[in-house]
Structure formats: structure tokens, C-alpha cells
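Peer 1: Modelling step: build the complete structure from the supplied sequences, incorporating the hints.
Read top to bottom, the protein sequences are chains A and B.
Each residue of the first sequence is one higher than the last, beginning at 1 in UniProt numbering.
Each residue of the second sequence is one higher than the last, beginning at 1 in UniProt numbering.
These aren't lab readings, by the way, just hints derived from the structure by calculation.
Some clues are possibly wrong.
[To be verified] These stretches of chain B come out as covered by chain A in the derived footprint (C-beta under 8 Å, 3 or more residues): (1) 64–70; (2) 89–95; (3) 101–107.
Cβ atoms here follow ideal geometry from the backbone N, Cα and C, with glycine treated the same way.
Residues per chain are reported as follows:
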Amino acid sequence: MAKIKVYGHPISTATRLVLCCLHEKKVEYDFVLVELSAGAHKQPQYLALNPFGVLPTIQDGDLTLFESRAIAKYLAKKYEGQGTELLGNSLSEQALVEQWSQVEGQSFNSPASTILFQILFVPMSGGSTDEAAVEMNVEKLKKVLDIYEERLSKSKYLAGDFFSLADLQHLPYLDYLVTDCGKGDLISSRKHVKAWWEDISSRPAWKKATGKTP
Amino acid sequence: MAAIKVHGYHASMATVMVLCCLNEKEVEYELVLVDLPTGAHKKPEYLALNPFGVVPTIQDGDLTLYESRAIIRYLAKKFQGQGTNFLGSTLSEEALVYQWCEVEGQSFNPPAFSIVSQIVFVPMRGGSTDEAAVEMNVEKLEKVLDIYEERLSKSKYLAGDFFSLADLQHLPCTHYLVNACGKGDLISSRKHVNAWWEDISSRPTWKINFT
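Peer 2: See below:
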């Protein structure tokens with residue numbers, strides 16, 4: 001059976017999410033580099049796979065799939081029973097995984113990605129960081145993390161006492177915020193968020209996804 | 001068995017989407033009003049259910065669940081085999097449902113909700129519409145809808161030739177855009193998007209929200 005093909009880029013947060021998921025599920029894949037600096041993601045060849053022109057996209061046999069959270073969900077379902085269980089064990093647990101996955105996508109992602117964009121990517125393309133935008137989004141993110149702190153004081157992981165897609169979805173942006181944006185204090189100042197972060201970021205699958213280990 | 005409780009508000013887009021889903025799945029429920037205009041969603045009683053202080057939240061037995069997109073997925077799974085099938089028939093079809101659900105949540109909703117917020121909600125709270133923000137978000141939404149036009153020229157619904165959660169997720173905000181924001185041209189100017197919108201918005205379980 002042909003391996004899953006992942007079209008992506010190593011620095012892309014969404015690509016890292018999918019790679020991490022593949023490693024957690026112990027699924028082999030072929031990586032096809034989409035060269036962002038050359039604008040390859042906006043060329044017809046890539047747009048034919050993903051009309052939104054963003055990374056990543058996967059091909060699994062006849063199925064072409066984009067949106068990293070949908071890809072992760074698909075992999076978690078297809079490979080249920082292999083590698084790490086990422087979806088919870090009962091209907092109620094699965095529902096809580098969905099809930100915290102949506103919280104990531106709807107409440108965490110926007111301020112986190114704006115901070116990263118302003119601090120790291122805007123200077124990389126020759127512009128200057130909008131400090132007011134950073135400050136505003138840091139305030140938003142603090143409110144979200146306060147809720148996480150309360151949740152994680154009662155529960156080892158977001159959806160319950162089991163690691164799931166909901167936790168995994170937070171890895172890419174938190175890693176950049178802590179490592180490259182000087183925002184580690186957002187995590188380290190919250191006891192339970194800190195413990196949770198140290199746990200999930202030390203998972204071998206995450207280290208493989210970021211190239212920290214082969 | 002106790003009916004599912006939905007804590008929500010009749011004019012909340014997210015609440016209406018959950019109610020529509022319950023109706024599609026032929027599931028009984030009890031609507032518990034959370035009076036947004038009086039700030040009920042920010043009071044301790046509601047925050048104990050949903051610390052983010054937004055509606056809706058459901059209670060189904062021991063399970064308390066929020067985030068409307070998570071709620072409808074839970075309902076679609078729990079009541080699989082009853083009412084409308086929302087998840088396709090194969091793993092690949094289900095994957096495409098999730099893909100287009102994410103497109104709604106990540107690419108469609110931000111600009112669409114901003115437009116509705118500026119035109120409908122900001123004035124309701126005594127502020128004035130930021131026309132520049134509306135224009136910017138209309139442009140973003142046009143690009144997204146162009147991609148939908150291409151997709152829907154090949155496929156009756158977003159995930160395939162079957163109605164799914166992905167289509168349902170678009171009902172509330174598009175309804176406001178067309179009926180309350182004067183932005184119907186975004187839909188009607190695109191042949192296949194228009195046909196899709198007319199189809200999904202004429203479903204009895206959707207129309208019942210407005211009778």
C-alpha cells in the first residue's frame with residue numbers, strides 16, 4: 001500500500017501538527033516539500049490539491065485532504081487501535097476532545113497566531129512588529145490561559161486524564177511562543193499550564209515532528 | 001431519559017445551529033434561556049457550565065458540553081442511525097466533512113462573523129459600523145466564496161453529494177449576511193453557491209427557527 005504523502009514545510013505550524021500526529025499513530029509517510037519562500041503554495045500545481053493555497057495537504061490513496069485539524073482527526077480515526085489513542089474512550093470523552101479542540105481552534109489560535117505572526121514572521125519579510133497588536137493579543141491569550149489553568153488544576157490533560165488531539169493541537173503555536181517569541185512567561189507563570197506544557201512538549205512524537213530528534 | 005438541555009439564546013447563531021441539528025436528528029430537547037441582553041452569560045451560574053461565558057452549552061446526563069461545532073459532532077455521532085445522517089457514509093467522506101467544517105470555522109466564519117458583528121451587533125450596542133472593516137472582510141469572504149463556487153460546481157454539497165455538518169455550519173451566519181446585512185449579492189452572484197444556499201436554507205428544520 002502506498003504511503004501517505006504529506007505536502008508541507010518544516011516550519012509550518014499546521015504541517016508540524018500533522019507530522020506529530022503521524023508519529024503518535026506510528027504511520028509512515030512521504031514528505032513532499034512545498035517551498036514557501038518560492039511561493040510554491042500559490043502555484044497551480046499546489047492549488048490543484050488545496051485551492052486555499054495553505055499547508056499542509058495529504059494524499060492517502062484516492063483521498064486528498066487539507067486543514068490540519070481535519071487531517072489529524074482523520075488519522076486518529078483511521079489508525080484507531082495503533083499508536084497513541086487520541087480520541088478518548090467513550091462517547092462523552094470523545095465529545096470533550098472535540099470541545100477542547102474547538103476551543104483551540106476558536107479561542108486560542110487567533111491570538112496565538114497573531115502574536116507569532118507579528119513577532120517572528122513580519123520581521124522575516126522585512127516589516128516591523130506591531131507592538132500594540134502583540135499587546136492586545138497577549139491580553140486575550142492570558143484570559144484563555146487563565147481558563148486552561150483552572151481546567152488543568154482538575155484534569156491532567158484538557159479533555160480528561162488522557163492525552164488527546166485537543167492537547168496535540170496546542171503544540172505548534174505554544175512551542176513557537178515559548179521558544180522564539182519570548183512569551184514563555186505566559187506558560188511558566190501558570191502552575192498547571194506549565195506542568196501540562198512540560199509534559200506534552202517532551203513527547204517523542206513532538207520532538208520528531210520538529211526535527212529535534214530523527 | 002431526561003431530554004437534552006440546551007442553555008442558549010434564540011438570536012444566537014451558535015444556539016440556532018445546535019437547535020437545527022437537534023431537529024435534524026429528531027432529538028427532544030429543552031431550551032433554557034440564557035438572557036444575553038442582561039448579561040446572564042457572564043454570571044457565575046452560567047460560567048460554572050461554560051467558563052468562556054458564551055452560548056450555547058448543553059447538558060446530556062452527566063455530560064456538560066460547549067462549543068457549538070463540538071456539540072453538533074457529538075449529536076451526529078450519538079444519534080447516528082436516526083434522523084439526518086451528517087457524517088457521510090465512509091471514512092473518506094467523513095474526512096471531507098471535517099475538512100469543510102474546518103474551512104467554515106477557520107476561513108469562512110472570521111470574515112463573515114466580523115461583517116455581521118459590524119452591521120448588526122455593534123449598532124445594537126450603541127456603536128457605529130466600521131465600514132472599512134466591513135469592506136476588508138467582504139473582500140476576504142469573496143475569495144473564500146470563489147473557492148466554494150468552484151467546489152460546488154462539482155459537488156452538490158460541500159463534502160460531496162450529501163448534506164453534512166459542513167453545510168449545516170454555514171446556515172446561521174449566511175442567514176444573517178443575506179437577511180440582516182444586505183449582503184445577499186455575495187451569494188446570489190455565484191450560481192452554484194446560490195443553488196446550494198437555496199437548497200440548505202429551505203430545509204424545514206432550518207426554516208422552523210424563523211416562524
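Peer 1: So, for every hint listed, does it hold in this structure?
Peer 2: For each hint, the structure was consulted:
Under the rule that three or more residues need a Cβ within less than 8 Å of chain A, the assignment of the region 64–70 of chain B holds, with 5 such residues. Closer than 8 Å: that is the beta-carbon criterion, and the region 89–95 of chain B has 4 residues meeting it against chain A, so the requirement of 3 holds. Given as covered by chain A, the region 101–107 of chain B passes the check, having 6 residues with a CB less than 8 Å from a CB of that chain where 3 are the minimum.
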